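Engineer: Sequence:
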Amino acid sequence: MASDAEKTAPFPKETVARVVGQGANVGDFDDARLSGLGYKPELQRKFTLLSCLAVGFSISNSWFAVTGALATGIGNGGASIYMYGAILVALVHVCIGASLGELASAYPNAGRFQRPAHSSNLSPLWHRGAHDKGLAAKAGTGDDRNGGSYLTGVAAWAGAMITGASVALVIGQGVVGIIILCRPEKIGFKVLTMIQVVYKQWMGFVGYQIANILVFFLNCSNRFLPGLNKASLYISLISFLAITLAVLIASPKKASAEYASTASFASLDDISGWDNDVVAWILGLLGVNWGFSCLDSCVHMAEEIPHPEKNIPRAIMGTVAIGFITSWVYSIAIFFSMQDILSVIATPTMVPILELFRQALRGNIPGAVFLEVLVVLTAIGCLMSIHTWQSRLLWSFSRDRGFPFSSYLAVVAGAPFSVPLWSHLFSCFWIAVLGILYWVSTTAFFSLLTGGILMQYISYMIPVSLLLIGGRRIPIPGPFYMGRWGWFANGVLVVWSLFTLVFYSFPYVMPVTRSNMNYVSVVIAIISSYAVVYWFVRGRKTFKGVKRVHEIEAAMDITGGPVSGHGVGEALWVGVSEC
Numbered sequence: 001m002a003s004d005a006e007k008t009a010p011f012p013k014e015t016v017a018r019v020v021g022q023g024a025n026v027g028d029f030d031d032a033r034l035s036g037l038g039y040k041p042e043l044q045r046k047f048t049l050l051s052c053l054a055v056g057f058s059i060s061n062s063w064f065a066v067t068g069a070l071a072t073g074i075g076n077g078g079a080s081i082y083m084y085g086a087i088l089v090a091l092v093h094v095c096i097g098a099s100l101g102e103l104a105s106a107y108p109n110a111g112r113f114q115r116p117a118h119s120s121n122l123s124p125l126w127h128r129g130a131h132d133k134g135l136a137a138k139a140g141t142g143d144d145r146n147g148g149s150y151l152t153g154v155a156a157w158a159g160a161m162i163t164g165a166s167v168a169l170v171i172g173q174g175v176v177g178i179i180i181l182c183r184p185e186k187i188g189f190k191v192l193t194m195i196q197v198v199y200k201q202w203m204g205f206v207g208y209q210i211a212n213i214l215v216f217f218l219n220c221s222n223r224f225l226p227g228l229n230k231a232s233l234y235i236s237l238i239s240f241l242a243i244t245l246a247v248l249i250a251s252p253k254k255a256s257a258e259y260a261s262t263a264s265f266a267s268l269d270d271i272s273g274w275d276n277d278v279v280a281w282i283l284g285l286l287g288v289n290w291g292f293s294c295l296d297s298c299v300h301m302a303e304e305i306p307h308p309e310k311n312i313p314r315a316i317m318g319t320v321a322i323g324f325i326t327s328w329v330y331s332i333a334i335f336f337s338m339q340d341i342l343s344v345i346a347t348p349t350m351v352p353i354l355e356l357f358r359q360a361l362r363g364n365i366p367g368a369v370f371l372e373v374l375v376v377l378t379a380i381g382c383l384m385s386i387h388t389w390q391s392r393l394l395w396s397f398s399r400d401r402g403f404p405f406s407s408y409l410a411v412v413a414g415a416p417f418s419v420p421l422w423s424h425l426f427s428c429f430w431i432a433v434l435g436i437l438y439w440v441s442t443t444a445f446f447s448l449l450t451g452g453i454l455m456q457y458i459s460y461m462i463p464v465s466l467l468l469i470g471g472r473r474i475p476i477p478g479p480f481y482m483g484r485w486g487w488f489a490n491g492v493l494v495v496w497s498l499f500t501l502v503f504y505s506f507p508y509v510m511p512v513t514r515s516n517m518n519y520v521s522v523v524i525a526i527i528s529s530y531a532v533v534y535w536f537v538r539g540r541k542t543f544k545g546v547k548r549v550h551e552i553e554a555a556m557d558i559t560g561g562p563v564s565g566h567g568v569g570e571a572l573w574v575g576v577s578e579c
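Numbering (this note's numbering), first residue to last: 1 to 579.
Simulated from the structure, these hints should not be mistaken for laboratory data. Being a predicted model, the structure only gives us computed values, none of them experimental. Take these hints with a grain of salt, some might be off.
[Unchecked claim] Quick list of simulated restraints, FRET-style, between CB atoms:
| id | residue 1 | residue 2 | range |
| --- | --- | --- | --- |
| 1 | V502 | I469 | 19 to 29 angstroms |
| 2 | G273 | S407 | 48 to 58 angstroms |
| 3 | I469 | A242 | 47 to 57 angstroms |
| 4 | P252 | I526 | 45 to 55 angstroms |
All C-beta atoms, glycine included, are put in the ideal place defined by N, C-alpha and C.
With the hints as extra help, turn the sequences into a complete structure.
Structural biologist: Okay, here's the thing in structure tokens:
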């Protein structure tokens, strides 16, 4: 006799037996469910919860994000951004992660949220049986629903591309910064004193392109990817511990507790030029915000991991938890060890954290270089995971014919690759193109980077907003179903997304000039214009969207609500023991 939980589960045992046969294993069931969602299983499920968590954390890499965006936060609020702002941003992203986890649990596929955006766009199909007459009257056309799905996909991929560009630059600048810090006259190699040691944009550009090309090859075979992602997780955590302990132990003097905990706004706002302390502080949150971005990255591994409806939400929430702990502790360490804030911001190496390392280690250049090498190694692992993320995202979107050349981009290469190789190559090509923008205009490039995080929020906000408008009626809830708590979590996601869209568009320094203007609004306008133009010219004819929810339910004959005994508490538990 089946238990009540088994009868009410979204995918009860009777359904498994009917779809994939008696004695089916986990992989058979996961593939059968994917087929029910309208897709052919093509990728091997070689990832575990731990390796999926490694992808998510390696990309978000909160402590590393503090390192990469240090100049932004210092100039707009200083230490208080990293002490208190990190707590605020982490709490917000618990709600964001829970919202994404809930959708990923209900729709466990690599296409992430294009499906709910399609299914929930003011549509009665979001309701079981399509019985809501009022909502039916408001429902858009099929093109409207597909349009919401399409815009979600474009925004998500654009955000992934820009994120990859930002990390490639960190690697390139880090290597060049090391060369400048170790310039020959400082270490005694007089024969090499003619080497150019003044930073030029072309140096960062060359380093950027080399990093992008080298990391491309790390993602060409699915056989090694899970292990490489686990290795990147371990490297990141070991580097975090090594750097934190080194700067705390070696720094000649520690900043006062009052400075490190409150960070006088008056002294730091003079750097940004803003008269309004609140606006300056909010703008500084961008540096912390990067450490909690890309939370959807592990969602795109849903077709390469068993039990994605449970493991993906766990990986998302685990990323937030580990990210907050590492970034907060790391921030305390570096601000207690900082000796001269102006020298950190105006360093000739163009790598603020490298100058901070030099100060903390009492001018010990080899020691500072070693710590920066750890940062670069962490960045390489981060970029590798970003390549994994963006290639799966593009591949899944191309299955629905969302891009030109989709017939090629939707192909998974055979052995020994077993990855969407064309999508991977296409994504890396566009990251290389974005690097040209850095060579031409650093102002435009850094505005582009801000657009990366905003495009991610747009891709989250569309399906979650439609979910709220539809009354949060999920026809086949997954194990991570929040119930009434979902209203709060979803609301926080939407409000935060709108909040950042407004404030992150402000200039970071005052007075505003052509060279320091924030052009992120232009970036968003260009990406949105592409999406709209392509949609009306070609996309609405070729983009097939997804199977509608009521068709899936009819095909698999699945009824019931969320699994009894599961919910927010289960997803908060990372469950490493099941890896």
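Engineer: Run every hint past the structure and note whether it holds.
Structural biologist: Status of each hint after checking the structure:
no.	hint	verdict
1	V502 - I469: 19 to 29 angstroms	21 angstroms, holds
2	G273 - S407: 48 to 58 angstroms	51 angstroms, holds
3	I469 - A242: 47 to 57 angstroms	48 angstroms, holds
4	P252 - I526: 45 to 55 angstroms	48 angstroms, holds
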